[in-house]
Amino acid sequence: MNSLEKLVYMANQIARNLETEGDKAADTTAAHIVAFWDPRMKSMILSHLDAGGEGLSPAARAALGKVRAAADA
Amino acid sequence: MTYVRQNDFGTPASLSEETVTLTIDGRAVSVPKGTTVMRAAAEIGTAIPKLCASDNLKAFGSCRLCLVEIDGARGTPASCTTPVAGGMVVHTETPRLQKLRRGVMELYISDHPLDCLTCSANNDCELQDQAAAVGLRDVRYGYEGENHLALDLDTSNPYFDFDPSKCIACSRCVRACDEVQGTFALTIEGRGFESKVSAGLGSDDFLGSECVSCGACVQACPTATLQEKSVKEIGLPDRSVVTTCAYCGVGCTFRAEMRGEQLVRMVPWKDGKANRGHSCVKGRFAWGYAQHADRILKPMIRASINDPWREVEWDEAFAYAASELKRIAATYGDKALGGITSSRCTNEETFLVQKLVRAGFGNNNVDTCARVCHSPTGYGLKTTFGTSAGTQDFDSVEQSDVMLVIGANPTDGHPVFASRMKRRLRQGAKLIVIDPRRTDLVRSPHIEAEHHLPLRPGTNVAVLTAMAHTIVTEGLADEAFIRERCDWDEYQDWAAFVSDAKNSPETLAPVTGVDPAELRAAARLYATGGNAAIYYGLGVTEHSQGSSTVMAIANLAMATGNIGRPGVGVNPLRGQNNVQGACDMGSFPHELSGYRHISDAAARKLFEDDWGVHLDPEPGLRIPNMLDAAVDGVFKALYVQGEDILQSDPDTKHVAAGLAAMECVIVHDLFLNETANYAHIFLPGSTFLEKDGTFTNAERRIQPVRKVMSPLNGLSDWEVTQRLAQAMGLDWNYTHPAEIMDEIARLTPSFAGVSFDRLDAEGSMQWPVNDAAPDGTPVMHIDGFVRGRGKFVVTDYVPTDERTGPRFPLLLTTGRILSHYNVGAQTRRTANVAWHPEDLLEIHPSDAENRGLKDGDWVKLASRSGETALRALVTDRVAPGVVYTTFHHPATQANVVTTDYSDWATNCPEYKVTAVQISASNGPTDWQEDYSRQSERARRIEGIAAE
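In order, the protein sequences belong to chains A and B. Read in order, the letters of the first sequence correspond to residues 1 to 73 in UniProt numbering. Read in order, the letters of the second sequence correspond to residues 1 to 947 in UniProt numbering.
Incorrect hints may have been included.
[Stated by the list, open to error] Cβ pair distances, simulated, as ranges:
hint, chain 1, residue 1, chain 2, residue 2, range
1, A, R68, B, R940, 23 to 33 Å
2, B, Q399, A, G22, 34 to 44 Å
3, A, A69, B, P308, 49 to 59 Å
4, B, R933, A, A35, 38 to 48 Å
5, A, G65, B, P809, 25 to 35 Å
6, B, Q6, A, G22, 51 to 61 Å
7, B, R565, A, D27, 42 to 52 Å
8, B, R524, A, A35, 35 to 45 Å
9, B, H597, A, G22, 23 to 33 Å
10, A, A35, B, A303, 22 to 32 Å
11, B, N306, A, M1, 50 to 60 Å
12, A, A35, B, E233, 54 to 64 Å
13, B, K33, A, G22, 56 to 66 Å
14, A, M1, B, A496, 56 to 66 Å
In case anyone wonders, no lab produced these hints; they're calculated from the structure. All figures in this text were calculated on a predicted structure; none of them were measured in a lab. All C-beta atoms in this analysis are idealised placements derived from N, C-alpha and C, irrespective of residue type, glycine included.
The task is simple: from the sequences and hints, build the whole structure.
What follows is the structure in structure tokens.
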């Protein structure tokens with residue numbers, strides 16, 4: 001896996017493990033990524049999201065949408 | 001100077017709170033009920049002669065030297081087996097006693113070599129001392145009778161000799177092996193005059209026996225029968241310094257016994273609160289690496305990793321390092337730099353490295369080797385309990401009725417604590433082991449696990465959830481505790497989740513491979529067996545669901561009320577000596593010391609005000625992220641203190657690619673380790689014997705590390721980091737590590753009450769140490785969880801993406817062995833290689849037979865990441881379908897096989913699950929041979945010929 005593929009994998013993995021949070025899953029996943037990823041990693045995954053987000057699971061995509069919204073706020 | 005032994009009170013202390021007063025030689029003495037007359041006398045400084053008694057062993061009453069007279073009592077009872085009584089009047093020195101003792105001593109000496117002046121124990125021999133104490137002046141029997149003087153010396157053990165000609169058959173060694181170590185390797189063979197100490201069967205020598213070389217027998221021996229070879233070679237020590245072992249997370253306290261600047265031996269310190277006077281083969285004996293010829297003592301630099309090293313003076317090394325770091329920051333930006341702290345170094349050194357990164361490099365790209373071991377512990381316990389640490393002290397195990405050991409092999413990884421566990425188990429506590437392998441704890445002398453759940457690697461969460469299912473659905477949860485201490489709504493969500501039929505032991509059995517009836521029985525025992533404690537290791541954390549497993553463990557403890565008092569709790573057995581401390585000190589890229597997130601403006605301001613710098617509020621890169629960024633060409637410089645990521649981290653080829661892509665790798669270590677193959681600057685490190693500081697062990701115990709000899713390289717590690725910081729332009733002027741600890745205490749609430757002065761006075765302290773807990777905190781969460789209410793977390797089982805299939809049908813799990821430590825950089829440079837000269841692949845007989853493999857055959861171990869070759873060990877210790885190896889030897893580089901899968905929350909690598917195939921091989925693989933050649937080339941030093 002290259003770095004971007006790894007980030008996609010990581011985002012999906014985090015989202016999958018936090019699925020049990022139910023309604024809060026997207027917020028919790030987003031908070032996890034904000035808390036633990038360095039700015040370049042966040043920037044890379046958000047650029048990927050902006051470019052269509054190939055490979056991202058729906059849950060990861062929802063969470064990253066919240067990360068994007070927070071970054072733009 | 002005369003050698004001084006640590007005081008020995010003869011028999012163990014009584015824990016009774018009731019006091020008894022008696023009179024000994026006319027002096028009144030009050031002692032706890034149950035104390036022996038011998039110990040009561042010792043308490044007032046009266047040393048009753050003794051040979052078979054020692055205060056770490058149960059009284060034995062065989063040597064007949066410790067006889068006393070008691071008013072109103074008949075005969076001359078042995079003081080070691082006679083308990084005190086109120087009003088008792090004892091006489092320890094009377095003409096009758098003196099005559100009896102001389103008579104006993106005459107018999108001993110008549111069958112003992114009279115070579116005191118040339119004996120290695122001269123002046124450290126209890127027999128010699130007691131002969132003097134009883135006033136022995138002659139031996140009426142002569143020395144010509146039948147004796148044992150011609151018995152053969154056993155020199156097979158690399159660290160100590162056994163000379164049966166000097167044995168007085170006191171059984172102290174046998175009892176130490178039984179009672180203290182719990183191995184039961186020694187015995188008294190034969191009867192009457194033929195009685196002799198034996199390491200197992202008559203044909204066994206010590207090396208070939210079950211002996212684990214913990215040294216308890218050597219320490220117990222009152223003569224030179226069991227004697228360290230180092231004492232024979234060097235002579236008796238003449239001074240000693242109490243310090244802390246630098247091997248595993250138990251943190252044993254030792255007396256480093258010195259002769260001049262030469263270390264003669266390490267003797268476990270009875271007052272050490274972690275080890276209580278016990279030791280293992282590593283801490284006791286495997287310190288020879290400290291003065292090994294491989295140590296690099298001069299700084300070295302090179303422009304390219306293809307060049308040979310060039311030795312330089314310190315000033316040039318620091319100036320070159322600083323200029324390279326500044327050049328890279330100017331060229332690629334501040335975020336192109338980073339650092340890795342070491343769990344083998346002191347708290348003070350670790351704190352300085354993370355400070356250098358945050359305050360000097362200007363980013364938070366600092367990480368630590370806990371990334372690859374216990375980072376899920378930090379995440380999981382902080383989430384559920386509110387603090388990233390184990391809940392108990394080691395003494396807690398004395399009050400446990402049930403121990404659940406999951407993903408840990410304490411007899412190999414944490415042997416001194418394992419001995420305490422085994423002692424408690426022999427007293428009747430019950431044991432549950434959850435492990436794919438049949439570890440020694442499952443069945444060993446006088447120990448047998450009530451339940452062994454040999455799960456398939458990667459299914460920890462499923463097994464723990466199935467246990468929770470049993471506990472909740474069978475009504476075994478402690479509802480009163482949960483209502484009082486935890487979030488009830490979260491509990492109900494969790495209880496509903498685990499109660500679902502999909503999480504029953506029966507439903508999950510095809511996944512876990514665990515007999516559901518056995519699993520249910522284990523769950524019932526954990527929930528209802530009294531005080532139940534969970535101990536876990538890297539078999540929990542090093543999975544794609546490592547953090548989930550830690551939280552699942554915390555859920556179980558909360559659901560059953562097994563938290564917040566002695567005897568229970570959640571106890572991560574930390575791998576390296578200062579993993580806890582390295583984490584506490586702010587080594588993670590998202591946290592300042594004391595586990596405060598870097599985005600916490602108030603916490604950040606504390607540091608900014610103290611350090612006079614602005615801190616980046618964004619988290620930095622973790623180790624695997626650093627390597628990815630390096631491969632991407634944006635991460636260019638790394639300062640690695642005391643770690644060997646090329647050997648210890650997963651997917652060796654990727655680690656190598658990351659390191660090779662960097663322009664400045666600074667390795668600060670004792671040896672030219674594997675990572676140094678890719679380094680441009682080498683800064684020589686110092687051993688734990690050469691510096692002052694503190695380590696924090698697995699029970700949060702902060703313990704002093706004290707300099708016992710001068711650094712061979714001229715500088716302690718904290719001084720090296722400070723000089724590098726100064727060269728970078730930072731105004732650091734620490735003159736002693738005590739000042740660094742003062743800074744840590746100033747900035748870290750849980751360390752607020754810690755100082756070197758207090759540590760020197762009290763020996764050790766368990767954090768938090770602050771106004772709320774001025775004397776420290778042996779057991780956490782007593783009155784409530786640190787986070788307020790305990791948080792139940794739903795931990796859905798998510799199978800790893802690492803799957804077996806036709807190409808890779810077996811599961812590899814990795815671990816460590818008693819005689820070696822981590823990457824083996826230290827222990828491979830000691831005589832411990834006698835027990836483990838190479839990594840071996842454990843494979844089940846059926847898997848071996850299917851492949852036509854025999855014990856000792858070379859086999860190729862291949863995964864989708866890479867392949868290596870090593871020899872096979874055919875054993876049913878592993879289940880069919882599972883293979884196991886260690887990662888102690890760079891010649892094997894087992895991590896070339898492990899993958900880049902990691903824990904979802906922390907990126908802790910999934911070392912414990914790799915799909916592999918095994919096939920016959922005729923020797924090392926091409927990769928291994930290429931690696932060996934490259935290593936040899938990378939280690940060239942100008943002007944120094946390779947051996």
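Hints and how they fare:
no. : hint                         : in the structure
1   : R68/A <-> R940/B: 23 to 33 Å : 51 Å, violated
2   : Q399/B <-> G22/A: 34 to 44 Å : 39 Å, holds
3   : A69/A <-> P308/B: 49 to 59 Å : 55 Å, holds
4   : R933/B <-> A35/A: 38 to 48 Å : 44 Å, holds
5   : G65/A <-> P809/B: 25 to 35 Å : 41 Å, violated
6   : Q6/B <-> G22/A: 51 to 61 Å   : 59 Å, holds
7   : R565/B <-> D27/A: 42 to 52 Å : 36 Å, violated
8   : R524/B <-> A35/A: 35 to 45 Å : 38 Å, holds
9   : H597/B <-> G22/A: 23 to 33 Å : 25 Å, holds
10  : A35/A <-> A303/B: 22 to 32 Å : 39 Å, violated
11  : N306/B <-> M1/A: 50 to 60 Å  : 29 Å, violated
12  : A35/A <-> E233/B: 54 to 64 Å : 55 Å, holds
13  : K33/B <-> G22/A: 56 to 66 Å  : 59 Å, holds
14  : M1/A <-> A496/B: 56 to 66 Å  : 37 Å, violated
In summary, the numbered hints that this structure violates are 1, 5, 7, 10, 11, 14.
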